[in-house]
Amino acid sequence: MRLTPTEQQRLVVFTTAELARRTRDRGLRLNAPEATALMVDALHWAARAGLSHPEVVDSGLSAVTPDDVLDGVADLITEVRAEVLLKEGTRLVVLRDPVNAGAVPVRIGGVRTPAGEIELYAGRERVALRVTNTSTHVVRVSSHFPFEQVNDRLSFDRGAAVGRHLDIPAGGLVRWGPGETLDVTLVTSQEGAGGPPSPR
Amino acid sequence: MARLPRDEYARRYGPTTGDHVRLADTGLEVRVEADDVGYGDEPLFGFGRNLRSRMLQADRATSESELDFVFLGVLLIDPLLGVRKTNVGVKDGRVAAVGRVGRGHGELHVGPATYPYPAHGLIATAAGVDSHVHLPTPRLVPAALSAGVTTLITAGFEEPPFGMTRMLAAMETAPVNVGLQACARTGDPATSTPLLAAGAVGLKVHEDYGAYPDVLDAALRSADAHDVAVCLHTDGLNESCEIDDTVAAVAGRTVHAYHVEGSAGGHAPDNLLLVAQPSVICSSTTSTLPFTTGTAAEHRDMILAVHGGDPHAPEDVAAVDERIHPATMAAEGPLHELGAIAIINSDSQGVGRMGETIRRTWQLCDVMKRWRASDAGRGWPPGPAPDRPRDVPTVYGDPLGPDDNERVLRYLAKYTLEPAIVHGISHEVGSLAPGRLADVVLWRPSHFGAKPDMVYKCGFEAWGPLGEGNAAVERSEPTAYGPHWGATGGAGALLGTTFVSQLALDEGIAARLGTRRRLVAVRGTRGLDRGAMHAHRTVAPIEIDPVDATVRLGGRVLAVDPVDELPLNRRYFLA
Chain A
0 MRLTPTEQQR LVVFTTAELA RRTRDRGLRL NAPEATALMV DALHWAARAG LSHPEVVDSG
60 LSAVTPDDVL DGVADLITEV RAEVLLKEGT RLVVLRDPVN AGAVPVRIGG VRTPAGEIEL
120 YAGRERVALR VTNTSTHVVR VSSHFPFEQV NDRLSFDRGA AVGRHLDIPA GGLVRWGPGE
180 TLDVTLVTSQ EGAGGPPSPR
Chain B
0 MARLPRDEYA RRYGPTTGDH VRLADTGLEV RVEADDVGYG DEPLFGFGRN LRSRMLQADR
60 ATSESELDFV FLGVLLIDPL LGVRKTNVGV KDGRVAAVGR VGRGHGELHV GPATYPYPAH
120 GLIATAAGVD SHVHLPTPRL VPAALSAGVT TLITAGFEEP PFGMTRMLAA METAPVNVGL
180 QACARTGDPA TSTPLLAAGA VGLKVHEDYG AYPDVLDAAL RSADAHDVAV CLHTDGLNES
240 CEIDDTVAAV AGRTVHAYHV EGSAGGHAPD NLLLVAQPSV ICSSTTSTLP FTTGTAAEHR
300 DMILAVHGGD PHAPEDVAAV DERIHPATMA AEGPLHELGA IAIINSDSQG VGRMGETIRR
360 TWQLCDVMKR WRASDAGRGW PPGPAPDRPR DVPTVYGDPL GPDDNERVLR YLAKYTLEPA
420 IVHGISHEVG SLAPGRLADV VLWRPSHFGA KPDMVYKCGF EAWGPLGEGN AAVERSEPTA
480 YGPHWGATGG AGALLGTTFV SQLALDEGIA ARLGTRRRLV AVRGTRGLDR GAMHAHRTVA
540 PIEIDPVDAT VRLGGRVLAV DPVDELPLNR RYFLA
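Going line by line, the protein sequences match chains A and B. Once you know that position 35 of the first sequence is 34 in numbering that gives the first Met the number 0, the rest is easy, because the numbers rise by one and skip nothing. Once you know that position 494 of the second sequence is 493 in numbering that gives the first Met the number 0, the rest is easy, because the numbers rise by one and skip nothing.
Hints were generated in silico from the structure; no laboratory data involved. Please read all numbers here as calculations on a predicted model, not as lab measurements. Keep in mind that the hints are not guaranteed to be accurate.
Just some of the chain B residues that point at chain A, by a computed CB distance under 10 Å [what the hints assert, rightly or not]:
{"#": "1", "residue": "D6"}
{"#": "2", "residue": "G103"}
{"#": "3", "residue": "R299"}
{"#": "4", "residue": "L303"}
{"#": "5", "residue": "P444"}
{"#": "6", "residue": "A470"}
{"#": "7", "residue": "A471"}
Which chain B residues stay away from chain A? Per the calculated CB distances, all over 12 Å, these [to be verified]:
{"#": "8", "residue": "R11"}
{"#": "9", "residue": "T172"}
{"#": "10", "residue": "T190"}
{"#": "11", "residue": "T192"}
{"#": "12", "residue": "D207"}
{"#": "13", "residue": "A375"}
{"#": "14", "residue": "G376"}
{"#": "15", "residue": "P383"}
{"#": "16", "residue": "M453"}
{"#": "17", "residue": "Q501"}
{"#": "18", "residue": "L504"}
Backbone N, C-alpha and C define an ideal beta-carbon position, used for all residues, glycine too.
Only chain B is shown next, with the shape it has when bound in the complex (with noise of 0.2 Å):
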């Protein structure tokens, strides 16, 4: 009877149930709760290997059952999913189907024409939803994509007409998903109808334009009317309103409310309160997160810098100070952990870094794991379940010790599964569980959330680390980052998404723009609050010190102290 001890069985096929695997260098495991794979039948590609005809390839699958590609014995890490061995298979550019390979019914067909990607040992996750990107310059597109993001959706400012129209075309290639956002400037719900209908994929209130309270209220109105997101930037200058006004202007209508922690703008010292709200969800970016030795005193020129502020005017620079408190920074963390917060996206040259909102996620994760161990971070309420099918019960007396499968689930959901739902796209992105586009990272357990071992769009190979063309095999030195096939000539429109209004889809904007790449409505984005989310729905009650902007909930002061260290960092980049 054949049998394989358990660590030569992980170290041939991957791990398996039971088994912990390392993220990287930081502190956190993962522990294998399913294997779908079957124990003795791991479909392999390759010299002598059973994916082919006769043994486990489907010679007979119809054309609806055969797979365009497949993952095979891949440990996929996915919001709704859980941590599972499995296999997954792709077809049309979607995940059709997660678990096993086989000939019967319900298997996964691997047909004569099925591409097998081998990955056992290596880790999937959806690719990274980034929900707030500023994108002046084509440059950062690779950026995102090298770090594991294939969704952008843009910060606002894509107005006029006339530009966005054009930055679509400039789009037409690339191989991600894009949403751009377009800033609601007025008090005139119908001043941004006409940015919806060339559009728009949602609306942007931001205070440089006047985060007023009726602008708001117009923006969500004209949000409500056409069904899609808002996202708001607060009055940081406590010019028009302060916080109560903003809360009474959103008066329980869903806003995704942009670097809630203030210091990138808003309401100061207290934009915080808006974790208190159960309609609004909260996002944080990449500058603040985590909270280090260094992150208050960085922010006084990058604040300068991005808002257009003269640092020799004395009164520019004092506006800047008094919106940076280390307090409310160091509360941030914490609320994420909570729950409260559910969303990180990058707000990449707007103060953030496109290529960092995965890396710092995990980080994040690393630094509050071990703020729950300290004095600090004890006796604090867990945060929320993710929100999936429990199938696999926590093992009690696992002999590997604790995990942190439901820490590494919601701090995942962060950038995919979160910003997913609150634009109204989860339907096609934001997760792995069948239906979904097959926006795909792998990763090496030992480069998670670092660098991705290769980015899939749609299931086809688009970004990764290439290696020399000459080479008689693949990834011979020097690797580098750079476009696949997939985003080579012409395949980046036939497997990027255009994220519109169902205006812009009823207006016409398919013939308009002359596109080959899918135009996507967004749908569902009104009547969200919390209880919506997958993993992050804590509404935190918090009190902010007017003064010193001490963050205190229930009590008790909420805070993390800064690190000045961190995991995924200097021994993976060039410095």
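With the rest of the complex left out, here is chain A (with noise of 0.2 Å):
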């Protein structure tokens, strides 16, 4: 047989999900290693038969509905990741929210808010500034790239930009297709930040 590794994990996916089988035979529900073996076991069944990426998925989403499952388990299994051997090779498959069972009121694991919003950057100054991208090519400036030093074809007053950054959340980007023109609010950098590394 010369198993890889990898086969003989799928082996062990085989297994859990037979028993996720008979536990349903039984009229019992499954708990979240179960429910997730079955929906990777569909996967590679519907690899096996043939079938396209796109259809792999949908099988992988409807191996599991929350009647199966135990009460809650749904909110375990928030993402899904396996590899299956298509017929054009191996291709990573993703589930998200595989058993969506709708809206309940706090999901295990869950996170309450208040209601309100959060101010970013309280407190510091900002700068309305226009830029114009000047390249053929589509510019995307990050929040926290120190502005006065983006790619030369972004046109607008540098000056104003030392020390400052996008105004927009963290990990957010700006995009300027070629010749596009967009306003933007500039905050001041976090102390130490922005311009070339501060020396100690």
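Combine the two chains into a complex, taking the hints into account.
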């Protein structure tokens, strides 16, 4: 057989899925490992049958219904990753919220937040700038990049940008298409940041 | 002006001050008390993110200030630091600082060689300290790591020195901190000296080797001479002494009373009276917590099995039956809730389960919250507040309702800080306050207490649910708990600590073992009483009915009804 470690892992999925099927056959509801195995097993069978990538995803998503699982198990399975052997080779499949049980009051491990908003960069000075992309390429700028140092092909008042970055949530991006002009707001950078590395 | 709705903020960066997080499928909710991260300047690693040069990376961090690892945007739940959203910086295997990432003085410096662990939306706790484990086989260590435990103090029985030396050699590359206790078995303190010199971290007095008053006294005298802990399993036969005699032998000296409830061993039926002794720090094992409908039934066979009883010998069975008392089992949980029993440990394969110390602690926490709202639980005094800086006042009129922070921090301490204090290792483990080892467990809130997201030893990934090796991404199914790099090859020796007595260090144990592991002497174990505990300073002058073992405190029956269903249970685990 010359089973590789990957092939041996397929047997772990199969065995766990078989346990899940027998659990279900006895009229019992599935726990999180069983439900996950059943989905992944369905992915492998769909791939084996020659279905396409989107069809494989669908078979995973339809493998387990909210009625199949113990109350709350849907909250434990937020994302399932597995690799299947399609006719075209090995491909990754990701299932998100694969047992969608709909809205519940407080999900298992859920976060409750009071009403309201969080103010970002509170109390810092802002400036408004008009920025034009003179490039033939799309240019994206992320939240904390020191704005006066961005790609020369963005045209704006660089003097006004010194010590500032985009006034958008951390990790966000602003996109300029070729020739596009956008009005943006800049905010003063965190002390010590922005510009070249600060001496300590 | 950039703003985000609070729910969207929590989704992107994890919960912040004032948000509530439900712990797994329990009825427990913590409230985030503070947020050190800084709104807008959340450090993020990855494509288009801000942990790069010219942004939040400290390009000129010094060799002193540059962190090795940093846990980003994590919800830290810690006995000493409370419930706070923060970043946890690690250097040289220890927590170097907790707080804001930046380039200024006093901020966490993510330098050009710092490795970031994005942890937004995850919970971090200190790894568990299991202060009562039997390690009959190597199979127990994976069970401990898979449950989030990285420190193991054995239950005694590690003598002779020949065996102890080989046991320590066997643990050479285990990515855990370990301390081996040896049994004190005579009334002469001198007999335990060679055991301490050979590496014993503490002494155990156990009825299977005679828990006589003179043996206990000798163990305590030896412990006082060498600054090590003493653990006590009292005389369950009442053969040499009764509870009053044991208390007299303790004579106000510090001792850690194992499975104080009594059914796992000790004076029948009133071992639990030790909760009234200020110098006796009490612990419970996983077998009796929480009290459920099957607890009593399980114990007969369990006790016969672990103590060499003969199930066909009527006198053995009768002796076992007389140490099983549902009434003291019913009082054990409430005594935890009131802060009189400080510690939960496994007693692995000595009637307890290695992988369930943490899980059962949170199950108990959930059960006891409900007990407080029941007729039997109403009106008792609150447990002592965790002893920590009160920089975050309780919120009255919280729009989201009351939180469980104090209770959660107390129960967390039961398997982290409290056992670390008692065993003289709180300078190393039991909290993620700066200076301690960065033995960190990350949890998804949905799986908190049941299945860790990753276990870090000294900040290095050691154990977790690893995915298939050929896959293009991590955590492709089937995922299963197993060794990460920190538990592979020789890494464990560079990550694990072996706790010993100062005497062993002085006698040259390092050279004798030829170990690459850190050898650290325990300290500060003597002269402790309840007042030295973090969140368990209650001395409970209970009374126990000599016939049916009913427990009363202030004349009122102290008991919780057995429950028949628990959280952190069948949703999570194959059965």
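How the hints compare with the structure:
1. D6: 5 Å, holds
2. G103: 5 Å, holds
3. R299: 29 Å, violated
4. L303: At 32 Å from the nearest chain A Cβ, L303 (chain B) fails the 10 Å test, so the hint is violated.
5. P444: With Cβ-Cβ at 3 Å, under 10 Å, it holds.
6. A470: 5 Å, holds
7. A471: 5 Å, holds
8. R11: R11 (chain B) is in fact no farther than 12 Å from some Cβ atom of chain A, at 7 Å.
9. T172: Nearest chain A Cβ is 22 Å from T172 (chain B), so the label holds.
10. T190: 50 Å, holds
11. T192: Check passes; 50 Å lies beyond 12 Å.
12. D207: Holds, because the least Cβ-Cβ distance between D207 (chain B) and chain A comes to about 38 Å, which exceeds 12 Å.
13. A375: At about 26 Å from chain A, A375 (chain B) clears the 12 Å cut-off, so the statement holds.
14. G376: The claim holds: G376 (chain B) sits with its nearest Cβ about 23 Å from chain A, beyond 12 Å.
15. P383: Given that every Cβ of chain A is farther than 12 Å from that of P383 (chain B), nearest at about 28 Å, it holds.
16. M453: The claim holds: M453 (chain B) sits with its nearest Cβ about 16 Å from chain A, beyond 12 Å.
17. Q501: Fine: 39 Å to the nearest Cβ keeps Q501 (chain B) off the interface.
18. L504: Fine: 38 Å to the nearest Cβ keeps L504 (chain B) off the interface.
In summary, the structure is inconsistent with hints 3, 4, 8 from the numbered list given earlier, while agreeing with the others.
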